[in-house]
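S.K.: Listed below are the residues making up each chain.
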Amino acid sequence: MRFTTKSMLMALAGSTMLASSATAELSGDLKIFLDTSNPAPRATMEKMIADFGAEHPGLNIETTVIDREAYKTQIRNFLTADSPDVATWYAANRMGPYVNAGLFEDVSDLWAEPAIADNLASTKGAMTIDGKQWGVPYTYYQWGIYYRKDIYEELGLNEPANFDEMKSNCQAILDSGRKCYTIGTKFLWTAGGWFDYLNMRTHGFDFHMELANGGVKWTDDRVKQTFANWRELIDMGAFVDNHQNYSWQESLPFIVNGEAAAILKGNFAVAPLREAGLDDSKLDFYQFPEITPGIALAEDAPTDTFHIPANASNKEAAREFLRFVVSANVQTEINNGANLGQLPVNAGSAVDNDKFLNEGFTMLSENSPGGVAQFFDRDFPAEMAAEAMQGLQEFMVFPDNLDDILKRLDKVQERVYK
Amino acid sequence: MTDTPAEQSAAPRGWYKRNEIAVTPWLFLAPAILFFAFYVIWPIYQSIMISFYDWDGLGEARFIGMDNYVELMDDGAFEVSLWNNLKWLLFYLLAIPGGLFIALFLNQTVTGIRIYKSLFFFPFVLSQVVVGLVFSWFYLPNEGLLNGVLGLVGLGPVNVLGDPTLATYGIIAAGLWPQTAYCMILYLTGLNAVDPEQIEAGRLDNAKGWKMLWYIIIPQLKPATFIAFVVTIIGALRSFDLISIMTNGGPFGQTRVLSFYMFEKALSEYGFRMGYGAAIAVVLFLIMLVFITYFLWSMWKEEKAR
Chain A
0 MRFTTKSMLM
10 ALAGSTMLAS
20 SATAELSGDL
30 KIFLDTSNPA
40 PRATMEKMIA
50 DFGAEHPGLN
60 IETTVIDREA
70 YKTQIRNFLT
80 ADSPDVATWY
90 AANRMGPYVN
100 AGLFEDVSDL
110 WAEPAIADNL
120 ASTKGAMTID
130 GKQWGVPYTY
140 YQWGIYYRKD
150 IYEELGLNEP
160 ANFDEMKSNC
170 QAILDSGRKC
180 YTIGTKFLWT
190 AGGWFDYLNM
200 RTHGFDFHME
210 LANGGVKWTD
220 DRVKQTFANW
230 RELIDMGAFV
240 DNHQNYSWQE
250 SLPFIVNGEA
260 AAILKGNFAV
270 APLREAGLDD
280 SKLDFYQFPE
290 ITPGIALAED
300 APTDTFHIPA
310 NASNKEAARE
320 FLRFVVSANV
330 QTEINNGANL
340 GQLPVNAGSA
350 VDNDKFLNEG
360 FTMLSENSPG
370 GVAQFFDRDF
380 PAEMAAEAMQ
390 GLQEFMVFPD
400 NLDDILKRLD
410 KVQERVYK
Chain B
0 MTDTPAEQSA
10 APRGWYKRNE
20 IAVTPWLFLA
30 PAILFFAFYV
40 IWPIYQSIMI
50 SFYDWDGLGE
60 ARFIGMDNYV
70 ELMDDGAFEV
80 SLWNNLKWLL
90 FYLLAIPGGL
100 FIALFLNQTV
110 TGIRIYKSLF
120 FFPFVLSQVV
130 VGLVFSWFYL
140 PNEGLLNGVL
150 GLVGLGPVNV
160 LGDPTLATYG
170 IIAAGLWPQT
180 AYCMILYLTG
190 LNAVDPEQIE
200 AGRLDNAKGW
210 KMLWYIIIPQ
220 LKPATFIAFV
230 VTIIGALRSF
240 DLISIMTNGG
250 PFGQTRVLSF
260 YMFEKALSEY
270 GFRMGYGAAI
280 AVVLFLIMLV
290 FITYFLWSMW
300 KEEKAR
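In order, the protein sequence lines correspond to chains A and B. FYI, numbering that gives the first Met the number 0 numbers position 188 of the first sequence as 187, with every residue one higher than the one before it. FYI, numbering that gives the first Met the number 0 numbers position 197 of the second sequence as 196, with every residue one higher than the one before it.
No lab work stands behind these hints, which were simulated from the structure alone. All clues stand as given, with none of them false.
Below, computed lysine-lysine pairings styled on DSS-like, alpha-carbon distance capped at 30 Å:
id : chain 1 : residue 1 : chain 2 : residue 2
1  : A       : K406      : B       : K86
2  : B       : K210      : B       : K221
3  : A       : K314      : A       : K46
4  : B       : K86       : A       : K410
5  : A       : K46       : A       : K354
6  : A       : K223      : A       : K417
Using the sequences and the hints, build the whole thing.
M.R.: This is the structure in C-alpha cells:
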C-alpha cells in the first residue's frame, strides 16, 4: 500500500533497459475492457493497444470502453460472467473484494521478472495483497495544493512551509475578500482528500494506515486531534460556502474567477484549470505543508491498474499485454502531456517536461519519506469509506456534530472489520 | 349398418374436447401467468431469500437469519430514508388538488386554449433528469433564480439543496411540477365527461362556486381522482432519479429514500451488501403492498357494484 523513497531511488538507479521477452508468437482473441472513457485517455489507450496489435499480428484484439462510473458497478458482473482477458481497475484496497473472491489472477510471476521487479519496485506494495501481486499499474498522479500564484503575489504571500504559515496565509486571503480553498463535496470523496492529508500530517502515514485497517478507533483522541486541526480551518471560513452543493468540477470556477485562492486536488485538476485560462504564470503547486513537526511527510498518489481476470481465456496474451503496458517506452509515451498527462510507473521512463508533472515527480521521489497512500476511498474498505466520507462532509458543514459522527463511524468500523 | 354418423359422434372424444370449457381460459392466461411468475413472483421470492443472507454479490453467501432486519432497526440512515419516504407520500399528493385547480382553470373556451393546455402539460413530457437539473440550477445558493427573487423582496439567501432540513422538500417541489401536469391531464379528460344536466340541475337548486364544485363536480370526477391517486402514490415511491440528480442522497444522506438507500447499499460504487439491500427492498415492498392491497380492493369493490 505504499512505496518508499528508498525503493523508489533503488528503482531509479536500477536498469533502465527494457527486457522485452521474445516469446513465441501469440494467437487467438484478446478481450480488453477499459474504463478510460474520457476522450483523451480513451484515444491514448486505443493507440497503445493498436501498437501492441501491430507487434502481434496473429492476435485478434477486441477493445471495449465502458463509462468510467458505470464500470465501477459493471466490473462485478463481467468478472463473474463473461470475463475479458484484461481489465482496468484501481490499486490497494479497492481490488480487495475481487482478490478475496478469487476473480483476479495472481500475477506474482510477472513481478518476479527482472524487467518489472527492477523498474516497478515503487508500486509493488500497492499491488500486493496477502504477499502476492494481482495486477500491474499503468499510471499514477500526485495530490497537492494547486494555487493562484498571481493572488499570492498580489498579497505578498509565499508557499507555506508549516501549518501556522498555512493559517496566516489563509487569514490574509480571507482579509482580501476571498476564500482560501475551493472544494465541492457533493460526491463526498473530495473531503476524503483533506482528511488524508490532515491525518497524515498530524500523525503520520503509519497511523493513517492503522486507522484504514481498523486498528484505531475513530473516537481515538489522536483522530480528534486531526479533526481539531481541520476545524481551525473551517472556523476561519477557509472553505467556500455551500460546498455540499457542488461537484469538484463545479467548484473549479471559484478558483478560476479568483474567488478562492487554492484547491487540494490530484493532478487531473490541472487540465480543466488550464483550459479555463489559468496558465503557468497564474497556477502553481505546493506540497501540503507540515503540521506536526518531525512527522515524515507522506503523500496521496492514486494508482490506476491493469488486471487479468481469473476467468480470462487467453492469459498468455494478457500477460504479454501487461508486460507491454509497463515497459519503459510505452510508459513514457502514454503518460506524456499529450496523452494521460500523469506520472509513469516505470523507473526507466522519462517524465514529460511539464511543470506540474516534474514538481509532482520530484515531490514523490524525494520529499515523501513517510510513504505514499492511494487515496481515502482506496485505502479504506469500500463500506467504511462510504460512511466515513459522508461523515466528513457532515463535519465540514456542521463541525459541532463531530462526536456524534465519530461514534457512528466506530459502529460501522466494528461491523466492517470483524 | 351400425356405422351411422350419429354413432360416430358418440364415440369417446379427445381429452381436450371434453374439457374445452374449463381448459381454454387457462391456455389463454398461461403466457401471462408464466411471465408474471418468472419476472415478478420469482424475483420477489429471491429478494426475500437474499435478505436473510450476508452476501457481497461475489463470494459465498452466509445465512444470518434476521440479522439484516435487526441491523435496520438500529440504522439511523434507514430511519431517515423511511421518514423521507413518508414525506414524499404525503406532500406528493399535493399534485392532485394542484392538478384539479389547473384543470378547472383551463377548462374553458378561449382562443388558443390548446396552446395553454400544452404549455401546462409540457413539464410532464420532460425527462426527470432534465427536471432535476433545471430545479437544481433554480435552487443554486448564489446564482440561482430562487435566491434572486428572494433577494428582491429582501429575504436572505437560502441554500435549499444544501440544507439537510429543506433539501427533501426542495426535491419534492421539483417532482410536483411534472406530477401536477399529469394530474391536470387526467382531470381535463374527466371534466369532458361531466354531465351537463346535473350541473343544470344544480344551478336550478342555486348551487354555485365551492358548493357546485364539492357536491356536483368532484363526485363525478371520482374515476379521475382514483387514477391520479394511484399514479401519484406510485410516483412518490419511485422517486429515485430526481434524488440521484439533484443531491445524490446528500447532504450527508439526508435526502435518501428507501429505494435510493437500497441502491447505495447493494449496487452503487461502494455497495457490497446484497443481503442488506434486499432487506431494505423487502421493507419498501411491504409499504407498497399496503397501497397495492388498497388499490386492488377498491377496484374489486367497483367491479362487484356493477
